[in-house]
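Peer 1: First to last, the sequence lines map onto chains A, B, C and D.
Under the working numbering, read the first sequence as residues 1 to 307, first letter to last.
Under the working numbering, read the second sequence as residues 1 to 307, first letter to last.
Under the working numbering, read the third sequence as residues 1 to 307, first letter to last.
Under the working numbering, read the fourth sequence as residues 1 to 307, first letter to last.
Just so you know, the hints here were simulated from the structure itself, not pulled from any lab data.
Don't take each hint at face value.
Stated by the list, open to error - The following label-pair restraints were derived from C-beta to C-beta distances:
(1) B:G271 to C:E84: 29 to 39 Å
(2) D:H285 to C:G182: 42 to 52 Å
(3) A:E17 to B:A187: 46 to 56 Å
(4) C:G182 to B:A163: 50 to 60 Å
Beta carbons: idealized from backbone N, C-alpha and C, even for Gly.
Here's the letter readout for the chains.
4 protein chains.
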Amino acid sequence: MSSPLTFQPVLDRIAAEIEQTPGRGRPADYIPALAACDPRSFGMAVAELDGTVYGVGDWRQPFSTQSITKVFTLALDLAHEADELWEHVGREPSGNPFNSLVQLEYENGIPRNPFINAGALVVTDRLHTQTGDAAGTLLDFLRAESGNEHLAINEDVAASESAHGDRNAALGHFMASYGNIGNPVPALLDAYFRQCSVEASCADLALATGFLARHGIRADGSRLLTMSQAKEVNAVMLTCGTYDAAGEFAYRVGLPGKSGVGGGIIAVVPGRCTVCVWSPGLDGHGNSVAGVAALDRFTTITGLSVF
Amino acid sequence: MSSPLTFQPVLDRIAAEIEQTPGRGRPADYIPALAACDPRSFGMAVAELDGTVYGVGDWRQPFSTQSITKVFTLALDLAHEADELWEHVGREPSGNPFNSLVQLEYENGIPRNPFINAGALVVTDRLHTQTGDAAGTLLDFLRAESGNEHLAINEDVAASESAHGDRNAALGHFMASYGNIGNPVPALLDAYFRQCSVEASCADLALATGFLARHGIRADGSRLLTMSQAKEVNAVMLTCGTYDAAGEFAYRVGLPGKSGVGGGIIAVVPGRCTVCVWSPGLDGHGNSVAGVAALDRFTTITGLSVF
Amino acid sequence: MSSPLTFQPVLDRIAAEIEQTPGRGRPADYIPALAACDPRSFGMAVAELDGTVYGVGDWRQPFSTQSITKVFTLALDLAHEADELWEHVGREPSGNPFNSLVQLEYENGIPRNPFINAGALVVTDRLHTQTGDAAGTLLDFLRAESGNEHLAINEDVAASESAHGDRNAALGHFMASYGNIGNPVPALLDAYFRQCSVEASCADLALATGFLARHGIRADGSRLLTMSQAKEVNAVMLTCGTYDAAGEFAYRVGLPGKSGVGGGIIAVVPGRCTVCVWSPGLDGHGNSVAGVAALDRFTTITGLSVF
Amino acid sequence: MSSPLTFQPVLDRIAAEIEQTPGRGRPADYIPALAACDPRSFGMAVAELDGTVYGVGDWRQPFSTQSITKVFTLALDLAHEADELWEHVGREPSGNPFNSLVQLEYENGIPRNPFINAGALVVTDRLHTQTGDAAGTLLDFLRAESGNEHLAINEDVAASESAHGDRNAALGHFMASYGNIGNPVPALLDAYFRQCSVEASCADLALATGFLARHGIRADGSRLLTMSQAKEVNAVMLTCGTYDAAGEFAYRVGLPGKSGVGGGIIAVVPGRCTVCVWSPGLDGHGNSVAGVAALDRFTTITGLSVF
């Protein structure tokens, strides 16, 4: 891989292979907006460190980012308060489903990591306290990094998430009972559901993830995170980024990655590029079937696995 | 124990012994109204099947009934919908603290029994659906059985419970996420916190519990529960009535009983009488220290243990 | 129920009803000796306090006592070391299947109660240390109380248990790792499997259980347990005696009872009589289907429930 | 890092820094042989792909490899039976301590990954079945890769492990009860304790790990694992290699690594080199305090983190 020009044929080849693959899983069906997605949709983009973007398929179509936003709120909160955060959320794999309450109870309301729902709620709660508007801060950041001023929150999706949000409400109140939530739980949930409802395309997200491939440097050259913090976020992505299938993702794809139930996955090749893939059909762990397959092919073809 | 006249000296003797006992535990301190209770308070009452009541100490002073009300809402809901209830809550001991979420998750939102908080929320939810006003239905019943029209809900305590209600809110939303709650969670919590805030005295509660000693017959001679249902409630009290110390209560006291964090405990001698004791200082399981000791003495002196 | 003469017609009536009942469950099939039992077998015996025995059906046929023996080893160990035992095993319902390791781990190798397998292993271990031969001590006791010198251990069954004993071996080694086992684990397992392989009839077991109805007094009039200890054993039977269906047994039958996977169940009416029923077909909890049904009928017909 | 010659000054600098660091943790004390280690011992070695080795401190002193051997038995079993293994052990982080039985019970005797003790027992059991002598196969491999014919099993340590092996015996019998162990449990435990008792130096282990940096190629140029399998082992090391501190290791060190309670840690820089560090003092997770610190410095100084 000596030349960036070679990414386009790689993407074309992957798209052609995915096209031939039967079985795409099923879109998330807990809210109508996600259930309505066409499982045949597929898009993939690669962004180089300098912002050059390559893409294939539906790579410019916005989709619901959902849990992918947890990476950005984590980075933004670390930028604001640094290690203080780690007193309120851990950095270890959970070994349990993403919305489980069991471990939370045994560990006194401190979530295992920032990417299970409980941990993401803590991160959003703290970012909301730091900035007064967690979802707005996130949106500003994504717009700046992607250069796309049209990125927006889908308020219908946010309302739909809220209407089906009992499990997250339970997590929020449960952690509040341990004193680990600073905002009123309804306000936190509102911020969280709006955060999850940001819509962006593969191109937008590949660009927005660039600071993790650049060891903390934003698109405009300013520093968001220290090199150590950027590596930390990548490490947490690799060990905890794909729900309870983090191990499988690590050995199949071999890159730090984060998935969302909207069918998107972002991945980082440190020092080299970022990738975003989207296809709404999910496997039993909540990860995009075609998305994982495409990233598996990507690292196999390019040799760009960290292992 | 051939004559009811002998209960008064028994109570006097127990009160004298308790008076000599150092160490009463500490009142619940999660809300101010409970924390303000004098741990030296002690009252005890015995009601015969015919409504004759004997008492000692602070037996006529109202206190916060709290979880004791779970017995009455259980009976009232069974009277309304019978076995339908048991599809939504189990009847087995939980082996976990009263407000744990762990077992609830492993068992898909069906609480182990009606006396852990999760189970009591389900019972109140269903009674609220049946009657439109769970707390009001409870209050009417307690007034009728005790003959005390002055029984009331302490709305300050209810508000205070609500302000410290994150754990119960978590339980409610969590079960709602499994489809096991019919009312909106905030409405359910309001009903539940008002139910817990009913105030009554030892005399009131000993009388109100009488239907369980009379195998289902109310004070006015009408039937609330079938004999089988009344035995069922007694059995659930014996195996699950005192949080995660049900085993200890069973072998020390040997009667179906139910405690509350207000420091009250009711107990049933089937076919013979009911007992209510109150002292606000609690042990580590949330049971009244002097209350358990007094009941232990009661069954030892009278031989009225079921074992 | 004023006269002992009335037990015979009660038993005859129950046997006739059970005869008409379809569905007996399936015998335990983890070892051949149990799997070979005829699920249509049914016997039931009642023993009065004075040793008068009534019976019906296969009430004199020996069967594999299995977990029923846990009641006797518990009583025998309490007779030897009294409350010392309770530092090594709890007295609370477990809320988990009888051979679960989960709670054991969270509670540092102290089993919840003497009737789950882990707790029974602790009791046998301690009795073995006290007497040098736990299974022999048990056998001597059962022979003396039943007056049947022919009671014996089925060594083939014991060998078969041992060959299928990995789960119990795991429990033994696990507790040994916490320092809660005094004998070498293989020696303990040998004693335990021999204990479980004692064979006795309904008549034998109803008589042998008599000391629990007589508040601690043996058949020869000597005292095995204090009144308080006898009530304690009854309380533990009621709250923990039928695996994870203790609650269901309590509200259906309403007596302290203990079941075994051989299909036997013993039950105690304190101060009145003991009952033993046997039918090898089991329900999903490991309790005899016809046995529970027969005891349910027994308390319904006689009114002898403790509730 | 363009020249291999630069590793020596890196190692010298790290050793000098570690020398100044107070607090080394405490050696494992569950067996005398480990407890007797001097916590001030420190050695570190780096092996290039071609077998060139650099070292500092006690890098040639043999120590007890313990859990580090789990990497080699995993690789050897994969070489024998490939993906068949993954039907008997998972590849996901466990989120629980290395010797926990909880998850094992919820997941029916299938361990979460090959590096918790339960998983390592399954791997050894299968390798033992494949080869007839798991520990011997391991020893032959380590001798061949390190070129050190003197590598040996410390039989005293193996005997000592066996004498303190109740927890592992519990794991073995527990999995056997689910049918997930093929050999008799005592034979498996003997093989496992002997495997853990292999002694080797930092130099030996850095060389023996080389096949993971060479994507599956052994020292003699033959292939042990496919490229995909080699990456898989690296991925499992990164996500599961350091007990319940895998996340912390990933973000501090950023390399696939595996620790042992003897105080050793091996780490892989794919395509570049391997590292082994040894210092017997452990932290609360069972990882070498100075070892983790030295690897942290190594990736910081050289920039050779995978992130």
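Peer 1: Now tell me, hint by hint, if it's right for this structure.
Peer 2: Going through the hints against the structure:
no., hint, verdict
1, B:G271 to C:E84: 29 to 39 Å, "holds, 37 Å"
2, D:H285 to C:G182: 42 to 52 Å, "violated, 31 Å"
3, A:E17 to B:A187: 46 to 56 Å, "holds, 53 Å"
4, C:G182 to B:A163: 50 to 60 Å, "holds, 52 Å"
Violation of the numbered hints given earlier is confined to hint 2; every other hint is satisfied by the structure.
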